[in-house]
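Those protein sequences? They're chains A and B, same order as listed.
Under the numbering used here, the first residue of the first sequence carries the number 1, and numbering increases by one thereafter.
Under the numbering used here, the first residue of the second sequence carries the number 1001, and numbering increases by one thereafter.
Keep in mind the hints are simulated off the structure, nothing from the lab.
Each hint should be verified, as a subset may be incorrect.
For lysine to any residue, the following SDA-like pairs were computed, each having C-alpha atoms within a straight-line distance of at most 20 Å [stated by the list, open to error]: (1) A:275 <-> A:220; (2) B:1389 <-> A:274; (3) A:353 <-> B:1408.
Just so you have them, the derived chain A footprint on chain B, three or more residues with Cβ under 8 Å [stated by the list, open to error]: (4) 1407 to 1417; (5) 1424 to 1435.
Computed from a predicted model, the values in this text were never measured in an experiment.
Backbone N, C-alpha and C define an ideal beta-carbon position, used for all residues, glycine too.
Here's the letter readout for the chains.
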Amino acid sequence: MNPTRAALPQWLADHAPAAPLAPAALQQVAREQIHAWGLPSVRDEEWRWTNLRALNQPAPLTSAAPAVSPLMALLPDALFIRFIGGKLSELPEHCPPGLHISRLSDAAPDARQAAFAPVAANANDALLALNTAHADDGLLIEIAPHTELSAPILIDWQDEAAAYAATRVLVRVGAHSRATVIETAQAADTAALWRNSVMVIEQAENSAFTHIGLGLDGAARRLTDRQFVRLPRDARFTSINLQFGGQLVRREIEVDIRDTGAHCNLFGLMMPRGKQVLDTHTRLTHGAAHTTSDERYQIIADDSARGIFKGRILVAQDAQKIQAYQNSRNLLLSPTAEIDTKPELEIYADDVKCSHGATIGRLNPEALYYLTSRGIPTARARALLIQGFAQEILDLLPLPALAEWLAERITQTLSQEIPAQEVPVQKVAGQEVPAQETPQ
Amino acid sequence: MTDRTASPTISDSQEIEHLVQREYKYGFTTDIEQEIIPPGLNEAVIRLISAKKNEPEFLLEWRLKAYRHWLTMTPPTWAHVHYPPIDYQALSYFAAPKSRENAPKSLDEVDPKLLETYAKLGIPLHERAALAGVAVDAVFDSVSVTTTFREKLAEAGVIFCSFSEAVHSHPEIIRQYLGTVVPASDNYYAALNSAVFSDGSFVFIPKGVRCPMELSTYFRINARNTGQFERTLIIAEEGAHVSYLEGCTAPQRDENQLHAAVVELITLDDATIKYSTVQNWYPGDEEGKGGIYNFVTKRGDARGARSKITWTQVEAGSAITWKYPSCILRGDDSVGEFYSVAVSNNYQQVDSGTKMIHLGKRTRSTIVSKSISAGRSQNSYRGLVHIAKSADDARNFTQCDALLIGDRNGAHTFPYIEAKNPSAQIEHEATTSKISDDQIFYLQSRGISEENATNMIVNGFCKDVFNELPMEFAVEAQALLAVSLEGSVG
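Only chain B is shown next, with the shape it has when bound in the complex (with noise of 0.2 Å):
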């Protein structure tokens, strides 16, 4: 076996993404005075973020609320990852614009090697100066196409707009369905956001609206800057339907180590959510230095009969991922979905799943879990399945499969099964295996690269989960995975 944590690309590529981040400041699109608050969490800490962001006084009790039972908690230490204790006093709580004087002046000031990947991602041309990080507005004008996009939703009546905007706008619907779904006191990193969340996206879809568009090319372009503590509130009513996409595929760098976001979403009576997330934050140096930790909750509230939340994700970056979005299946007949494909490589740990909880009669659940890992980085699958006394006529399927690429690297399942219904039907299977030499031998012997073909088996052993992406975003998740595999292989 070669060492394949020496590959020449993925050390390059991360190296000049360094040179290029140095330089990488996100555009602000808030108009809060620039200001430094001094690292450190207390309640003063608290009343000041909500002050400025001139809050009602029932979110400020509510995020002290959270707090002080954030003070009684101590971090998880059940997953399957391995870091340092993070001193929460040492953190900063409130994001201050940065400044945008070094950000580059055009894309032809930022590093080549940053485009190519761009390029090999497919990432219209528009966007990558914004990813780059050029001063947006200087080479294209998102604020038009905002506008477009803004009239086209409101005619639909749907609400899409800034958390913080939401809450001056819409501080009824935000009362009545804010932690409902993730109290503030759920877990640890959950209290944590709830105390301090910086920002967020809030969709709330009418009844009997289908969303005339996938919410991603909007998200892609305005959504920057919501912060290291993300919190997402998505509603829709009787009948509605919405696909959202969050996150972006191209290799994005955050100062921030922790991102601790909270995603609620909620169904009514025939209502359908799906929320698509390709993830691929800075995953640190090859030695595993650096590198975010992304702490998440998500979870889905399919509170009426015959509702839906599908969550599809692609997880490529992060040092350590801790997320498991989940369906509380509550209405009768609804359906819970899971599709995920998890890349990790050099030092990346992933431990990530899902939670399917059965409470409603006949309701559904499908959890399709791919994990790759390559590299010295550890990929756990951990999910749980749980049917109570009142789900009738359950069904789960669960299919989890990993696939082992070097020789240095651990592939996990920790299913958690719970039934309590004995009408119910619960099938779980998993698998672990390597990319068998057979087949690579096939393809090569037909003409084919060692390396493409390693990415033909991987694309098509994640086929399943990306079969379920809007289908821009299938195609870029393809390119990414070949793109975090690089250099893995032979």
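Chain A with its partners taken away, still in its complex shape (with noise of 0.2 Å):
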């Protein structure tokens, strides 16, 4: 039945973590599943668009000096973690009442054990497994009940300085207690680190939690990245997921939702150039009645990228009077470009609104024109309606200023396509201005 894996690459193999964080049952079984499993293949179903090859070989050392992080001056309140090459660099000095954050290495036996409780089930889950056989370093972040933190933690991954990583962080969320935590990854574009991680969340009931991934600069760097997600009852969980960097980026989140009353929002914008695959797999279960979610993601693909969206929604037996919504919308702007897309559901109750939607299309060619016969350059007006596209996801963001510094560094990035020549037309209302028409 198990067409013969290939085996796991010589150098995974010999990789020996100094001080394993896992417990040693559990890191035991994980290492006996990835000898057996191997890195996942195209033919396993789960990453049938996405090629791990270049993790073969380990990547070569680079040794930049970490840059700073823009979040920090546009988010000068921020609890600031920072990770260096995988390796937990900088904790905040003062962390407010009702917020406690350590290395995983030093939480007590029972966060360990609750860190490393996923567990790999098959081949698909091989990165899993290795995570649980490699990680080295981690983070614990708990915030008791009844807190509200008016700052959000921000956790800088500089992925630098190494060429292998597997970290895990837990974090636990109160009841009642409100919390938003903001993980960015950028590296130097040579810097070529993988970086395995997995992240799990537990939520305590009535506990709202916000994560945003942001994947920033780095051509070179590759992160495959899973998280875990509990809702018990009347929780909310918001994550969004931002990807510009990278050269491979596999994000897998999966929200478990187990009692009724809790939400879950699932937003993600993928803005793959240059040679890049940014990939998304999104996993969530409504286990309970009376619960509700709404995801949407989006992919501009441009240059030779590829953008990979697969959103699983699954509705258990006697999850009755479920809203769930997943709306996959994509953009694909050049011939060389591709975006695979499925948004899957899997409906086990009858008394539910189950509904999603999937587009891949070019930019509108009326809208286009719209702004064309207005006198707007076609490669503006372009740039225009990828930047208004692009906005749909980032005016989701509960931050403003990040909101704003992210459309700032979209516009940037599109503004350089556009011709030197081209300078934005001043427009004067009732007066036709003469377009300069290039070619596209």
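Each of the two chains sits in its own frame; use the hints to bring them together as a complex.
See the structure below:
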């Protein structure tokens, strides 16, 4: 039944973490699993669009100096945590009451057990097993009940100064608490670190937690990341996944809605360019009645890049009165780019309202015509439309300063494509302004 | 919620079906002597099948090649269906002609309940006898009808015969086209079919000919006993047009549990093939025991420019359906269409959908899939829309709607969408819902019974697909839906 699988690359088989974080028994099982499974291949259903061939060789080491995170200036009151090359290097000096942040290796055994609770089931989960086997640094973020954190927690991943890292983060959000965690990943364009991370989020009832994943610069960095979220009664979880950089980024977000009244938002924007492969898989399980979810993912693929989205919504038996909405809208801008999308519904209850939609298309020619007929050069008109499309997701960010900064970044990237002679034409009301047409 | 599986009507009619079908044997029309090959599959068996059918050397070679490839393959496991592993060595690969001794002599001997079902479906009287397994020529002379049809078709230049016949009469066409759409190595079941296929239909519509009749009526009377490994090949030359209907709305019983058919369609420039299927194989009893496994590979190759392939299917039977009628849109401006209604009740499992592979410029495809799950069934749509780099200005529209009746079943959607050309426009939408209480209440308040109200709503739900069926079958399909869902509401 099991076709012969490629062996685990030698460099990974030889890799021995200095101080494994996982409980010994779990780590042993995971080690056996990865040796049996190797890395996932395109023959594994969950990986049919994402080739991990690049990971067969270890990345070359780079020693660029870590940059200063641009978000520090943007969000001055954020609680700042920094990892360099997958190693924790900085923790906030002062935590507000109710918040406890520590190295995962210093955490109590039960927290470590909880951090490693998700177990790999089959070869599709090989990277989870790999993380369990190799994780040697991580973080515990604990938010006490009835705590409302006004400032976001910012985890700054400087993916430099190493070839490979495996990290594990556990976030515990107490009952009736509210918090936001922002993870940013960035590196110099030459740094090719592969970070394989896992984050486990345990929310208590009536808590609200927002996770913002920001993939910034780093043309060569590789990230495989998996997130597990469990939602009890009346809990709310929002994930905003914004990916702009990286050579290969694969995120998997799994949300398990366990009790009534819970709600989940999954929003994402991926803008692969060059030869990037940006991939997100989401799995959302409605395991209880009277729960709702809203999922919106958009991909804008240019050059020879590849954007991949797979979203599964599963409604369990007897989970009645569910409302689930899933939308995948995609812009394909170049003849050599590719977008693959698979919005799945798996429904075992009957009194549900579930719908999904998916579109792949180009920029609306009518909208382009409208803009050019008003004197806006074609390239700029295109940029405006792309910007507007991306803005739909950025507008969902709860931090206006961050949304503005990202919009500005996108504008800059897009305007680099506008030829220099195309100076934006001043528009005078009621007056015909000749457009400077440029061939596309 | 009441337990909807314990529906008296369904179980009764199936039990009766059992009784009837114990005596129900097909009349065989081939003249092969009765012979039983022991179960098992090896090269000797394939040589024997080929020899029995007196096939030319190239076909035997083709079968053996397929068999050797099949040995290296493993059954697919990705579908959303569950069944115990099949022991392929326990099957008999040569359908021995079945005895007609026990067949009912006339309609009077057939169970009245079965006849009632036929009446509900609106099946013409003379066909009822054939379907009930009455020794046909005793009540109805099919031969004369066959001859009339044949003359009419021959006049138009259409070749329509059984596959085995075509192998002898038109080996050059078979050789040219066989396996060019579904290669022998395509998938596990296609490879198995290629190695051991029993028989099937062959249709050839020459250049510029519009087939003078729906190839359905003819087929329904004649194509019994094509066996469990059916192989169909339809070729429409430049500008040709044909509409073909496979299967039957009437409940049919077959001794063979595994059906692995292959259908290949080929359209050249400006040609059109409209392939409609109504499938109502035995779905197993209400406990989910027995029932046919329907593992079919159907694919159309729109080779010519401006050609068109339309698949329309109404899937009501089989314990497990694994079927993805596909279109390879190779020719520029070619069109692929897929319209499907899949109904599942009791413990039926359906994993069906389509593949639209856009290769040519300005190719268009439309997918409309409606699934209705009742009882404890699982009903999945699995579809692929692939836009290749070469397919400039390709367009796809997909709509998948699922209707759930009862709370112990499942409706799933697995659409794969792949775009490699920026001028492509792809839209996919899917909804899952149940029949709303408001709708039922509205109709009931106007004096319509709950069952009839449900039927009306379900028929409205499926209308887009029924509109694509040949007229007489659309009427039957509506009735079939009502019969299939009988007792699942209320």
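Tell me, which hint numbers fail for this structure?
none
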